[in-house]
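Student: Here are the chains, one letter per residue:
Protein chains: 4
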Amino acid sequence: MIIIMKPGAARENIDTVVKAISSKGLQAHLSQGDQVTIVGVVGDKTRLMHDNLELIPGVDKILSVTETYKLANKKFHPQDSTILVGDTPIGPGRLTMMAGPCAIENEDMMMKSAAAVKAAGASFLRGGAYKPRTSPYAFQGLEEEGLRYIRRAADAAGLKVICEITSQRALDTAVHYVDMMQIGARNMQNFELLKEAGRSRIPVLLKRGLNATIDEWLNAAEYIISEGNPNVVLCERGIRTYEKATRNTLDLSAVPVIRQKSHLPVIVDPSHATGVREYVAPLARAAVAAGADGLMIEVHPCPSCALSDGPQSLTFEQFEALCRELKPYAALAGRTF
Amino acid sequence: MIIIMKPGAARENIDTVVKAISSKGLQAHLSQGDQVTIVGVVGDKTRLMHDNLELIPGVDKILSVTETYKLANKKFHPQDSTILVGDTPIGPGRLTMMAGPCAIENEDMMMKSAAAVKAAGASFLRGGAYKPRTSPYAFQGLEEEGLRYIRRAADAAGLKVICEITSQRALDTAVHYVDMMQIGARNMQNFELLKEAGRSRIPVLLKRGLNATIDEWLNAAEYIISEGNPNVVLCERGIRTYEKATRNTLDLSAVPVIRQKSHLPVIVDPSHATGVREYVAPLARAAVAAGADGLMIEVHPCPSCALSDGPQSLTFEQFEALCRELKPYAALAGRTF
Amino acid sequence: MIIIMKPGAARENIDTVVKAISSKGLQAHLSQGDQVTIVGVVGDKTRLMHDNLELIPGVDKILSVTETYKLANKKFHPQDSTILVGDTPIGPGRLTMMAGPCAIENEDMMMKSAAAVKAAGASFLRGGAYKPRTSPYAFQGLEEEGLRYIRRAADAAGLKVICEITSQRALDTAVHYVDMMQIGARNMQNFELLKEAGRSRIPVLLKRGLNATIDEWLNAAEYIISEGNPNVVLCERGIRTYEKATRNTLDLSAVPVIRQKSHLPVIVDPSHATGVREYVAPLARAAVAAGADGLMIEVHPCPSCALSDGPQSLTFEQFEALCRELKPYAALAGRTF
Amino acid sequence: MIIIMKPGAARENIDTVVKAISSKGLQAHLSQGDQVTIVGVVGDKTRLMHDNLELIPGVDKILSVTETYKLANKKFHPQDSTILVGDTPIGPGRLTMMAGPCAIENEDMMMKSAAAVKAAGASFLRGGAYKPRTSPYAFQGLEEEGLRYIRRAADAAGLKVICEITSQRALDTAVHYVDMMQIGARNMQNFELLKEAGRSRIPVLLKRGLNATIDEWLNAAEYIISEGNPNVVLCERGIRTYEKATRNTLDLSAVPVIRQKSHLPVIVDPSHATGVREYVAPLARAAVAAGADGLMIEVHPCPSCALSDGPQSLTFEQFEALCRELKPYAALAGRTF
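Residue numbers (my numbering), protein chains in the order written: chain A, 1 to 337; chain B, 338 to 674; chain C, 675 to 1011; chain D, 1012 to 1348.
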């Protein structure tokens, strides 16, 4: 932590800062410049968390030097992690494909979807049973009935199940059906839910919030891990910007940034990021080339009949073609799927 | 709803669209232009919600004409609402002051804060018992113990209590202590929590999400109202932009926009929006001048000792001075407090 | 300037940094922490501008402590400036009203506009002769012909003229007609134009770029002042965010932030910021309450006939009513107009 | 164009709208809904540009159906264009590599850079002679002297020259030295400069503005083409968002979006987008996989000695390695370089 004093801060103000630091058993190092004095803090900074040094007269600003997340931080865990979902690994050397419809609509469409995405190369079946929707009048999901459908469909095809959970109540039910739970963009800072997910021990796919910085995202992962669940995979799915040609702006830079800052695997969802079917394939290829550990793709037996997000869903044929197209890109990136 | 066809869309594609519309008992009106055909839909559009007309070949885009929120919509409720919290009204003609510390730290500071903010003119005591914090290692709040402190302090001073709730569990406890519950920015699209708040019947202060459009914010209010709780007050508290001179960017335009689109009262929180004590007073005055129904201000007996958000808190003296300064602005705006 | 080393940076890397600093005749102060070493630089940092310390192995990041703008900086010019445009002052104690149509369309509408805005209380007549337009097919302005119209109209009414200039060529012509030149949002970082404006000595109204930070905005002012023209007034006119209910998001926090960081006057343009006539009056009041030194308002004799930006223009009657409404707000803010 | 009336708009208001439309020789088509009446306009809408229908009482909003750019629009030019810079084509089937230092510092470094980037596979040498810099005190470029260096270096190595021009004056000089001129992000809406570039007939690389929508970017290209210069190549270089882990947010979705909306080639600049050397290679690969027609990469003989943007520059060795790594990705994308 560094405290920057205002130009011409009085000697007594600097002393007050130094005293506040040393009163916590920490050391203060002074750097006296021409215009500005800087105070560096040495020691366990968490002891200072409750002090508002910024309000001491003469203090200009306070800069944090180290990240607040530790368990998700590559600095303290330099080797990239592989997360096991049952016997299916996510991480280095593999390209994990998660595919399926946005919402679970009935058993039949899940059975068909499972068979189709498995044949194309996916290892996870996705499908929403609890749907966070902007309007209370939009379709909200089949809940437990939906979970039963996706479980049966995945078992029949030999796939793992991933479902979004949106509340403690949904989590309590979902644990009986899913292999991996997804925490969606809108709940990325629903800290109560993160803690519950941390206590549950089921692997978690943590989507980035629409307005979350990468730093906040890794802190959200820290919530889960610090409750005892180290099995976290991150998912970039677009952030909100002024540009409206796509639903959100896919931030592919997040892939190399996460690779540098964290040991956790990171996958990419180009379907939700763009909201446009034609853009899914080029951005899926780009994600693989950027180093993503996997992809989440929306696939629907009949996109024009879908209960939600049809315009961005691929048909079975399109998904099969995409997987074929992705294989050589995955190979170049040193990944198999 | 309007469907815009691509230039040169085939006759049969247009027919498919028209058939899809009429199959739901709705009427389609065609507007054949030089380059583009437009199809207007007449009737109850919710019947079309499950159709993905956008995927019919030849369709370029679909435009929504009417808002999805109804109960929060001024079009269907032209008179501005007054929300009663007990016997304290929020709405036209009044400037409601909510003030207090960011976090409840102990009983003593709540007693002092209550007395001070009451004396200055506030009618609500605020204070966080459940704190949503970016890092799991930051102070998370005193929970029920904190609720007891704020209740006692408010009762002693003759104030109403407003507290943020962050989960179903917190809500179940809080109903026994608070007069109004706050749903914070990070939970604005925690739809499960919105529904619970809707079923609880306690008045709700709904803060705008950091990345929420005004339309999404009003849809969030619709979640609460449509569950049976019409007592919703909105609170603008800054949105996330690229600018970093303030913690967030206070969007004061939201006040006249909400006034035009909704009948619900709207208040402003300049403390969280800016994160800087010096900017609170000018923006508080601006909010009143823009037409806000109230203000939420952070006040702390000793900002430099605060457990959270000290740098943006006013001292008792500063709050008292602010209230004095605001009175003539409130009078100009036709409001008393 | 502060150099933060990576955790566990090698002793030799730290030495390299220290040598790079001392080789420029500057002093390096070391702060050795548990995990991290910090190097403070003391002396004239501009000597280091050409060194890329960041690339020395072991360096994590470099933080700037002082602003790069000096002449626009309140730290070195603590008293708020009053800018004289002829004999008309802009600054403390006054609320300067600039009003008129978006584009100059003909002489008659300028004469009428001048008379009306003068009567209501404006001291500047605005009107665009060179219009920056998104599409090359939109109306681009009357150029010199327009400048003649606005000059005559302003002279007849006893007003100062302010016009946007968009190029060196426009500037060369405009100097013969205008009292103050405006550099628009899209040209805020057209550095060649800023330098020309700096050499011209005519007072400059510098609008904030749509995506400019306040720091970049003050650096743009520094370009003008450092070329010899200290007569710069800033104008907040909305920034681009994800929100689409208003054309841009008016960042009123910029008013107190500029007040704190700079001695230059700052005015507000609620017309361009919102793009909606109904929102102009509430935000004009808010700007005055926030401490703005003036307002720029679009007024048109017949908004529904305007060649550009009609929807946000006030009629003469609306402008007159707005000025009447603003007077007591100005009085509260200690300003006359 | 579609005019949407407010719910319950009076019959006479609708009539006024219809009359305004037919008075211009256009046709109005009415769609009378339950709540809302919609008026479609058929015919050449540019005749309506000067009317502000929005201000007619009862009008809610006006929606544009067709893009304002025509010459840059794929709808009217369905085949992807190849732009010739001398005898060097940019477009389908090729991956054009542009590389070199951010700023031209001296002749020697340009000669070395030219030889190195040519050997690695680049066909263009880049280097800034006119540098747009946030602070007036930062290095501003060698101007004509720099142009001489880059021309000689490129000729010696057999490369084309691309340089940013920032003013009419710079353009007048640069035409004698460069093969392609770059209009930078900060000048994307410097419309006077766009028109000059359009009259010059030298191929133009048009970078996307930091806050420009794709629609605005294509309108900027339209300015150049409509002045007679069809040789425009677009360059995505990151947009400004709230995220600060990278300097800007590279919007790779822009590649497929441009591919769909325009026939112009589009290249990607991952160096300026990220500002971090380690992220350049993964995003360069991603750009190729997304379908980009080329890349612009910063390369410097000694990044730690660079006068500007050193931290994002690759060394010659790193650039050579990147080109080698990119070849199989280019091959997969059907491109040679």
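If you're looking for bench data, these hints aren't it; they were derived computationally from the structure.
The structure displayed is predicted, hence computed values, not measured ones.
Every residue gets a Cβ at the ideal spot worked out from N, C-alpha and C, and that includes glycine.
Please note that the accuracy of each hint is not assured.
[What the hints assert, rightly or not] Computed spacing ranges between beta-carbons, pair by pair:
| hint | chain 1 | residue 1 | chain 2 | residue 2 | range |
| --- | --- | --- | --- | --- | --- |
| 1 | C | GLY832 | B | PRO665 | 43 to 49 Å |
| 2 | D | GLY1104 | C | HIS850 | 53 to 59 Å |
| 3 | C | THR762 | D | LYS1017 | 39 to 45 Å |
[Stated by the list, open to error] Taking lysine-lysine and the BS3-like style, the derived pairs with C-alpha atoms no more than 30 Å apart in a straight line are:
| hint | chain 1 | residue 1 | chain 2 | residue 2 |
| --- | --- | --- | --- | --- |
| 4 | C | LYS918 | B | LYS411 |
| 5 | C | LYS1001 | B | LYS598 |
| 6 | A | LYS261 | A | LYS75 |
| 7 | D | LYS1086 | C | LYS918 |
| 8 | C | LYS698 | C | LYS748 |
| 9 | D | LYS1085 | B | LYS398 |
| 10 | A | LYS244 | D | LYS1081 |
| 11 | A | LYS244 | D | LYS1072 |
| 12 | B | LYS449 | B | LYS598 |
| 13 | C | LYS693 | D | LYS1123 |
[Said to hold, decoys possible] A short list of chain C residues far from chain D (calculated; beta carbon distances all over 10 Å):
| hint | residue |
| --- | --- |
| 14 | ALA684 |
| 15 | SER697 |
| 16 | ILE730 |
| 17 | GLY732 |
| 18 | LEU758 |
| 19 | GLY760 |
| 20 | GLY765 |
| 21 | THR840 |
| 22 | ARG843 |
| 23 | GLN863 |
| 24 | GLU901 |
| 25 | ALA1005 |
Student: Among all the numbered hints in the text so far, which are the ones the structure does not match?
Tutor: Failing hints, ascending: 1, 12, 16, 21, 22, 23, 24.
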